[in-house]
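*Asks:* Next come the chains, spelled out residue by residue.
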Amino acid sequence: NAGVMQNPRHLVRRRGQEARLRCSPMKGHSHVYWYRQLPEEGLKFMVYLQKENIIDESGMPKERFSAEFPKEGPSILRIQQVVRGDSAAYFCASLQGFAETEAFFGQGTRLTVV
Amino acid sequence: KQEVTQIPAALSVPEGENLVLNCSFTDSAIYNLQWFRQDPGKGLTSLLLIQSSQREQTSGRLNASLDKSSGRSTLYIAASQPGDSATYLCAVTPYYDAGNMLTFGGGTRLMVKP
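Protein chains in written order, with the numbering used here: chain R, 1 to 114; chain A, 1 to 114.
To be clear, the hints were calculated from the coordinates, so they are not data collected in a lab.
These figures come from a predicted structure and were not determined experimentally.
One should not assume that every hint holds.
As the list claims (entries may be wrong) - Derived lysine to any residue pairs resembling SDA-like cross-links, with alpha carbons at most 25 Å apart: (1) K1/A to P39/R; (2) K42/A to E52/R; (3) K113/A to G83/A; (4) K68/A to G97/R; (5) K27/R to Q51/A; (6) K1/A to D56/R; (7) K1/A to R20/R; (8) K1/A to M26/R; (9) K42/A to V114/R; (10) K1/A to P61/R; (11) K44/R to P82/A; (12) K44/R to G41/A; (13) K44/R to K113/A; (14) K68/A to E56/A; (15) K27/R to E52/R; (16) K1/A to K27/R.
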């Protein structure tokens, strides 16, 4: 059972381009969370998804950011018209069920906006 | 709103010392508390998960305790080794908030000197 897979590991985008970050949860896990870690800062919650549903997106900026977790395939975090302030490490975590279970994190995608 | 604090922010010890990392949280209504390790430029590795009904968990040289009523957890590392050098993060899952799981502390950056 492979762990949580995130790709790409590193992504460089010019200002104004789009960034797509992918997260494949562990087998059997149907809950995915996305977090952002700015340089020298802690992990901040962005969005919580179950298959085909956004449960909580209260931590995600209202503009330019969107997330999905389709019935088939990985979860996608999409950032449109990237700006330098979007440069950060983006991590996803997957859980088998809600709350009581252990969260497993991927290796992250490090986005650099130039 | 749940807030998680970790003290100290940074710690440097000689190899072989036993050490304690502290984590405090403001609201005792939690499902669980989880300790993670993060190496520079890497993802998070889950170390220990303590359910709200438990008092402690052990894994090898690591022991984590939980005092929910006082809002505290400690991570004890016995006979520290240079390979233990990393940032240690604690995170709680708030009981009342169905979406925003795993609220993180700022971390303790540990350096174990040979």
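*Asks:* Give a verdict on every hint.
*Replies:* Right, here's what the structure says about each hint:
1. K1/A to P39/R: holds (24 Å)
2. K42/A to E52/R: Violated. K42/A to E52/R sits at ~29 Å, over the 25 Å cutoff.
3. K113/A to G83/A: holds (9 Å)
4. K68/A to G97/R: holds (22 Å)
5. K27/R to Q51/A: Since the Cα atoms of K27/R and Q51/A sit roughly 23 Å apart, the hinted pair holds (cutoff 25 Å).
6. K1/A to D56/R: Cα-Cα ~16 Å, so holds.
7. K1/A to R20/R: violated (31 Å)
8. K1/A to M26/R: At roughly 30 Å apart (the allowed maximum being 25 Å), M26/R and K1/A break the hint.
9. K42/A to V114/R: Satisfied, since the Cα-Cα distance of roughly 22 Å is no more than 25 Å.
10. K1/A to P61/R: Judged against 25 Å, a Cα distance of about 19 Å means the pair holds.
11. K44/R to P82/A: violated (29 Å)
12. K44/R to G41/A: holds (17 Å)
13. K44/R to K113/A: Violated, because 30 Å separates the two Cα atoms, which is more than 25 Å.
14. K68/A to E56/A: holds (11 Å)
15. K27/R to E52/R: holds (17 Å)
16. K1/A to K27/R: violated (32 Å)
The earlier numbered hints that this structure contradicts are 2, 7, 8, 11, 13, 16.
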